[in-house]
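Engineer: Hey, can you work out the whole structure from these sequences and the hints?
Listed here are the chains, written in short residue letters.
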Amino acid sequence: MRVSKRASGAIAMGAAFALIASGCSSGNDDEGSSGASSSDGAIVVDGTEPENPLVPANTTETGGGKIIDWLWTGLVEYPNNGGAPQNALAESIETTDSKVYKIKIKQNTKFHDGTVVKAKNFVDAWNWGAYSPNGAQNASFFADIAGFEDVNTSDPDGDGPKKAPEPKAKEMSGLKVVDDWNFEVTLAAPTAVFPTKLGYSTFMPLPDAFFSQGAEAFGKKPIGNGPVSFVSWENNVAIKLTRFDDYNLRDKMKIKDVNVKIYQDDTAAYNDLVSNNLDFQQQVPVSSLAGDKWKADLADRAIPSTTPSTGIIAFPIYDKRFQNPKLRKAISLSINRQEITDKIFFGNRKPADSWANPLTPGAKPGNCTACQFKPDEAKALLAEAGGFTGQLKMYYNADASHKDWMEAVAGQVKNTLGIDAVAVGVPTFAVFRQNINAHKMDGAYRAGWQQDYPDVENWVNPLYVTGGSSNDGLYSNPEVDALAKQASSAPSLEASHELFAKAVEKIDQDVPSMPIYFGGQQSGHSEKIKKMELTNVGELDITSVEL
Amino acid sequence: MGRYLVRRLLQLVPVFIGTTLMIYLLVWKVPGDPFAGKCGDRGCPDNYRAMMTEKFQLDQPWFVQYATYMKNLLQGDFGTTWSGRDVGEIIAIAYPNTLKLALVALVIEGVIGLTAGVLTGLRRNGFLDNLVLVSTLFLIALPVFVVGFVLQWFFGVKLGIVKPTVSNEMRITELLLPGFVLGSASMAYIARVSRTSIAENRRADYVRTAIAKGLPMRRVVGIHLLRNSLIPVVTLLGTDLGALMGGAIITEGIFGINGIGRTVLRAIVTKESATVVSIVVVLVLVYLVMNLLVDLLYAALDPRIRYE
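Here the protein sequences come in this chain order: A and B. So for the first sequence, this note's numbering puts the first residue at 18; every next one is plus one. So for the second sequence, this note's numbering puts the first residue at -10; every next one is plus one.
Don't read these hints as lab results, they were simulated from the structure. Some clues are possibly wrong.
Chain B stretches covered by chain A per the calculated footprint, using a threshold of three residues with CB under 8 Å from any CB of chain A [said to hold, decoys possible]:
| id | segment |
| --- | --- |
| 1 | 10 to 22 |
| 2 | 30 to 36 |
| 3 | 75 to 83 |
| 4 | 95 to 105 |
| 5 | 213 to 225 |
Just some of the chain B residues that point at chain A, by a computed CB distance under 10 Å [said to hold, decoys possible]:
| id | residue |
| --- | --- |
| 6 | Y(-7) |
| 7 | E43 |
| 8 | F45 |
| 9 | T70 |
| 10 | V135 |
| 11 | P153 |
| 12 | E241 |
| 13 | F244 |
| 14 | G245 |
| 15 | N247 |
C-beta: ideal position from N, C-alpha, C; glycine also.
Structural biologist: Below, the structure written as structure tokens:
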């Protein structure tokens, strides 16, 4: 074996550090596991303050989303290895035409308040989430279900003075309770991916208490049906969860308490992690990634992983200057993604080479030909497109760490194509999003996408189909729309994936956006945790934790 | 004295209204729809934004919003955060934490700074004097976050003597390090101000008289010299409590303390006007009261000062 001098030195240092670390650890774990048997142990994990009351259909950010994922178990769940979903609360989900689904749930599972989970808890919850006056953030997820338009209306003139009219109905016609354990869902059109969606937090059941208390009161003390139940939420300090002993859907937790400590500063959390005062940090701070410092600090406690997320730069297609696909492709081909991920992300993220993240079932790796680095072809395409006049602005929100890579991208475009490309920071994410929503961007802009449910459909319909919920650049290609529609209503997932692959080929020719990198996650755990797994989206799987 | 007090208290009212109005306007003027960035890169549905905007009356003109806010405030209702949590509750948790931290910092900077100042003021140009001058220069020059990160890493991670962050119980022993960090710059100023003040008064007529009377040196310094020299120091310490409470954002972040600093920072970023204004209101009150106390203390310290 040949080991270069520098590398062997690093290994020796790593070994020395491990020795020191293990030597220090003995007297340091005075909190939590004070001699108690490990099945009664407690862990402290890092978190951020939830931005909304903890209601499944109204939570999209990670701070609250993580808690919701732990508090609830849905009809199906996604295995940690990223594979196809499996039945969890559902006994069976049957369909003959991908349009009418007969769902049978397991009997006698309980909510944390002791009430039994029945079919109506699903139907009521979904109707609440879809009803537009409730203003649920995830309402659009119910749009597959027949009768959605009757309960969800929108402002006729966009964001204007008129208000959205009162919906005609309060309940979707496509939902029918058969008995306590059975309900039937009729979709507006055949959708093969519908059962896959059911594991997303929006589709969780809600107990009767939700409807008697109201969303806001419930969201302060949520009652779910998952492996842990809610104990308390002290603002900006901690959210405490404890094992739900009546849980019978999966393996029970091997520990008792989970305390989510809320940090404002991820460096503070990281220092706690290194010195074993914090048991799990999902993402170590950027500052510790340089030179792989985190790996040296944490040694065998470091967990590198990949997440089904992609960093994207999108084009505002509503802007005349960006309507030529050749220009868009020229810009995309002028970016050296490998260099960005190596130099800026220290190899912790991977250069994007496909439209859907390759961890997603149905995604074809390497199908983004526009993601290659071909400076000569880029220059030729730019000339064909008639060049680019003026400044090419590339916007990002400056309140998160996007500056470095956006500036690197702009620099590459400038060097390769010779156009005046600059990265422009927008002070806050709120302003940034507001401009994107209002279709007021006059340059390319950073976007990101993390799959909601593991299927390639989630990477096409919301992003690239006309009217898609996150098609912010207003990209529209009738061929893509037709293929995606066909794919969505295909009788089987396999057939659906084939058709989506064809739709993606069309998207690849149009380059409505530029995938730049695939997400990576760098987590760490304390010495107390002997065994643990990450979920398919990189969250801690609390049922797997062993002390 | 009584009339003076009433006059000063009455002055608080316009200051109070002025500051709250100004802060409210400033937060209101921060660009951006607070609900646009709430749904990640997906973008929020219009129905959600419409509902939230109506619920928090953000579609009303600012003076209507301000009036509603003030009306509720006078009834003891601080409003709610975007996530529906009671701001009064948040303040009740966060304020004592910051106050505790600020008091620890104040005691540390008072004791160390004053001791150093008196010792060096009495014996200028000695070794100790030079040492204090150089080390205070060092503390003043270093930004708080450098001092904070270095000390946290050294004592918390490297040596492992203390935990890097403060636990939720906020024990006094845990607060010593953050308190030192927070008070470090002020400590340096106090040492320097008291040194100058002592050195100056050391040559004053009344000190010479006291020494000539044959008073023991301890009494001359302890009673006559120190009392008169303390006035600028007390001014500094008094206003510093307010500054420490408002300026603890960085220290609270580094040491993971749930105080008003990081609460208000988060609220500003998310345009949560109810939280920002409520916290600042209490902060302003602390400032005003501290200022009044300092003015009253002058009279106690210096017999030449009388309030009518």
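Engineer: Now, for every hint given, state plainly whether the structure supports it.
Structural biologist: Here is how each hint holds up against the structure:
no. : hint       : verdict
1   : 10 to 22   : holds (count 3)
2   : 30 to 36   : holds (count 7)
3   : 75 to 83   : holds (count 4)
4   : 95 to 105  : violated (count 0)
5   : 213 to 225 : violated (count 0)
6   : Y(-7)      : violated, 40 Å
7   : E43        : holds, 9 Å
8   : F45        : violated, 12 Å
9   : T70        : holds, 8 Å
10  : V135       : violated, 13 Å
11  : P153       : holds, 4 Å
12  : E241       : holds, 7 Å
13  : F244       : holds, 7 Å
14  : G245       : holds, 4 Å
15  : N247       : holds, 5 Å
In summary, the numbered hints that this structure violates are 4, 5, 6, 8, 10.
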